[in-house]
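Residue numbers (this note's numbering), protein chains in the order written: chain A, 1 to 431; chain B, 432 to 862; chain C, 863 to 1293.
Rather than coming from a laboratory, the hints here were simulated on the basis of the structure. One or more of the hints may lead you astray.
[To be verified] Derived DSS-like pairs (lysine-lysine); straight-line CA-CA distance at most 25 Å: (1) K149/A x K1011/C; (2) K936/C x K213/A; (3) K936/C x K1011/C; (4) K644/B x K821/B.
These numbers come from a predicted model, not from an experiment.
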Amino acid sequence: MGESPEKKEAAEKQQPEVNIEMEQTATEEASVPLSSEEPAKKEASSTTKCRVVGVLGSFKWLSLCGDAPLITEKMDHAVEESKTRVRRAFSYLLHFLDITGRNFGQICFANNPISGFLILAGLAVGNLTVAICGLIASTVGILFSMLMKQPCSSIRAGLCCYNAALFGAVLPALLLGPNPVAEEVEVFIAVLIGSVFTVMITVSVANSLSSLKPAIPLFTLPFNLVALFAILVLRVHQPLQLPAKVPPPEFDWTHLVEGSFLGAGQVFAVQDLYCSGLVLFGLLICSPVLAVAGFFGSVVGTFLGAAVSPNLWNDAYAGVLGYNAFLASCAVCFFYVPTWRSALVALLNAALTLFVQVALGWAFADSGLPVLTLPFVAASLIVLGMTAEKQALPRAEAPLTFPEQHRAKWLQEARRDSIESTDTNTHPTHP
Amino acid sequence: MGESPEKKEAAEKQQPEVNIEMEQTATEEASVPLSSEEPAKKEASSTTKCRVVGVLGSFKWLSLCGDAPLITEKMDHAVEESKTRVRRAFSYLLHFLDITGRNFGQICFANNPISGFLILAGLAVGNLTVAICGLIASTVGILFSMLMKQPCSSIRAGLCCYNAALFGAVLPALLLGPNPVAEEVEVFIAVLIGSVFTVMITVSVANSLSSLKPAIPLFTLPFNLVALFAILVLRVHQPLQLPAKVPPPEFDWTHLVEGSFLGAGQVFAVQDLYCSGLVLFGLLICSPVLAVAGFFGSVVGTFLGAAVSPNLWNDAYAGVLGYNAFLASCAVCFFYVPTWRSALVALLNAALTLFVQVALGWAFADSGLPVLTLPFVAASLIVLGMTAEKQALPRAEAPLTFPEQHRAKWLQEARRDSIESTDTNTHPTHP
Amino acid sequence: MGESPEKKEAAEKQQPEVNIEMEQTATEEASVPLSSEEPAKKEASSTTKCRVVGVLGSFKWLSLCGDAPLITEKMDHAVEESKTRVRRAFSYLLHFLDITGRNFGQICFANNPISGFLILAGLAVGNLTVAICGLIASTVGILFSMLMKQPCSSIRAGLCCYNAALFGAVLPALLLGPNPVAEEVEVFIAVLIGSVFTVMITVSVANSLSSLKPAIPLFTLPFNLVALFAILVLRVHQPLQLPAKVPPPEFDWTHLVEGSFLGAGQVFAVQDLYCSGLVLFGLLICSPVLAVAGFFGSVVGTFLGAAVSPNLWNDAYAGVLGYNAFLASCAVCFFYVPTWRSALVALLNAALTLFVQVALGWAFADSGLPVLTLPFVAASLIVLGMTAEKQALPRAEAPLTFPEQHRAKWLQEARRDSIESTDTNTHPTHP
């Protein structure tokens, strides 16, 4: 779900096949001479940079965390260095696996193939059909986006097809549950056709939303649109049966805590503790901030929902009240630089998302449609437009990578600005 | 409802604590040297300016009208000049009262605290709970927007929190009427939480809409969103009972005229002649054009609605068909420079709003949801995108103040342009 | 339905009364000196131009095809050259007829009065009331857009009022069918009032959508909004009766082919083979690409819809599943340069439109509202945001005329770019 227009734009400008050891470091280096002209300042900033590189360099395995710069680097080399046909085919396969992993990771804002494969493993543990359909949809999406010549950097970052992957996973989870409401063949065809449309819509809406200021990411809007339409079209045969109303269960704190934890897996409509654990572990590898933000978002959603009405306790226990809040909280921490004010906004967005979910759930109840991740998308689309005076609520700047790095770059930038403004104050004759 | 992106932008550029006697005059003065380089022209424009200042200056009390420049000025001085702690606390209280007043005024596009307090008095006369909840929501909104470091000028002009004030007033009016559909505690909590969300949404949507060209204001869209969601969430307990269908009453001209008049109070969901009178009087103090435009908009809505079907006569008599058209007509006269063409557009917008209200009312009937001010917002969002060739339908330019001044500035601008174009014609060698 | 913001903008820059023999040629000629400074290149491009002009010049009647430059030229001269009052009045009448024709043509993206009158003839053959109401609405629209001083070039290209023309045609077709659901007087008043609102909304939404990048046209969105609201308002009297459910008919290939053909007429809610034939013939005169694209879009919609469910066979046979896909396919071929990739996108858009229509039809079923051309608008608004790397999916550049010319200009541009890039490569010292 990390489709960010800025990121894409920035990525397009870079040579897609350029061989650099650490993309972010290179970008920093390039930008330094532009903004600072005195050697003293350059030294100061390069010291900071060295320290960051040093920390990452001495623990080589850390380059697998964040947005996995080590893997990106290896991939860049792989095709070039492979001399035989078999090796080249193998390196293309590696590329394909890298993109597939990132597709699943980006659903939770993690541009990291390892996170993606942990999530996929979680899906397979919870429901094998879901994992297989997700893989198929992701593959169809990748092929179609290559056929339509989408920007190489977007495809490689998983930004073109994460909606398709989510669509492929969630549609069978919803329709082929314990009480299947559609035939397997129908769902399979819907996954194939729908993933093509999902990629089309992802590309288009991302373009349109990026012309707003501040640029608004599209989250999983395309997935929601295509999934709702697919369910409506499949219903032309046989209407979805409304679930029987279950009386509210007894109140139980442990179930609520469990429900908060289940929220992570319910992003993919899989209600399974192991799946949730793997999703959270995948996020943790990419970014501890995202994992923590997601979990606390899920807690806010589950507990606040339980407070609204006993009618919602069943949903709260199953993690259904948590997954939208989970994503909403992650979204704020990914697109805003993590500060105490953005942490507050993240929790407020989780709460807003919960209320939207309750309201939409009520409004959709008669038609038997699921709310999917619409509450998260609606609330976050609105909340991400927030700005404040003088860096009080700063948006992460392109190229977007992961919250920890966003914060490090922001602190560095703020320090540089303060040095510059001091210089200007002492030499007031220079404009 | 006067949230205008241009205004905000322009206001942000100004030093928020600058001490000028008349903001608008100062702006004019500053802009003159930029556009006219010959003394002759400067003289001509400064003559016009002097006349305007003279008229306002000789009647000092007139500075309480319009956007109340006298009060703005006093407020600017108040904090600085207060030397003891008590006096400083007192001046902060005055600031707070100023903002509170403007919050209520801006709901009807009146950036004037006196208008706001007259409106608040009207609410208190009609329904004391409504006024108290409105005040609470407005206060929560102000505190939250300060916590999130919103631009000082926006907060002071009432543009951050007028939606919160409206939300606080309307929610209890709808839910705690003669047949209450929710408990008082619930509504109170909803007002507290909802006003925070309203401020968040106001800030965000204003940013997003301002990137369209011509920039579109957001009116009371955030209020509508939050109020609809609040009603839906509160219904998880107990469904809203659909009102019993009342047979159409007898036709009566006097009731229709009364209904047109009641429209002003129904903006706040208060059906009371005194309340309507105070709202209209408040508007009259800020801008006679707004008051007249609102009243005639309400007349168009009420009479046109009565002509559509006898089923709507009950609503027409209660002023329910008038309030959206009231606001729609005001909106056009506020954001377009008042000319005969914009007067026509104002009446057309009132008519369009009425039709949207009838259609939405019909569509919402089964779900028992109120249409709130959605018809006004939907119609006006669309209509305000209208443009025409060569100043035939000019938008008021930032900084927005009140219709009379918009027109004065536009006439002045047009005169200056015609002088310049004459100059250019006589000296065709200068490009 | 060819409302294109770029077109309008480009057209506004031109002098509306300029006398040029071929607008497009003139534009080309003017742009050449700007981009190419060496005579060699100019020669190359002017050779290409000459060939294009030659082909059109030697077959004078071909100037009636495309966007009918011959008629535009004659019209430009007509008013100026007429010396007596009667002749001037006559030439104004000619102008009015020209605009009326283009209004009806633009509904299918054909900026050609002859196409428009063929379509109008088709409507008259199918249902005389429809044609008359369409004419009235178109006339009201023209008068109102002149009163509101809309850009002369927009009005003359039919871009201001094609929505009004469609509204006037479709409303009586829907409400005054074999089982009329409204009285004739009501529908007539609705056509009069609604066409004014349609023009207002067309102008406004076109402005707002044009600030997105890539600029998105508005298609028939205003028609859909106003028609839905008109139907809802008229229902305040008497609810629309839901059509009785008809059992699915037998499957029949010939009926499906006939249904695909009927799709062209169903754009105007007229189910008549002669009407469809005249619509397709009108399109053929303007642009064979559009006619072919439309027909194949209709085929995709009809056959795909028939494959989804037997419940849809009745609709498929009547052409109801074809008209949205017809328009969707035309839209892609008009706004993208025709290539094999845009042909694929056209068919995908037709398929997406069909699915949206099935889903929306299901969602609207309970309320008895027609889907109008909403599926086409929704799908195409999204799909037209698509872009790709390096001219793989190029948008037609302003001024938009007709697909064949878009492609010719694009090929010419591509050739010029390749010459320039060769030059740059051989002289690498020049930046």
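Pairwise hint evaluation, K1011/C against K936/C, where the allowed Cα distance is 25 Å at most: holds (23 Å)
Pair hint outcome, K936/C versus K213/A [Cα-Cα no greater than 25 Å]: violated (45 Å)
Restraint status (C-alpha distance of K149/A to K1011/C at most 25 Å): Status violated; Cα separation ~43 Å.
Pairwise hint evaluation, K821/B against K644/B, where the allowed Cα distance is 25 Å at most: holds (17 Å)
Going through the hint list in order, the structure does not satisfy hints 1 and 2.
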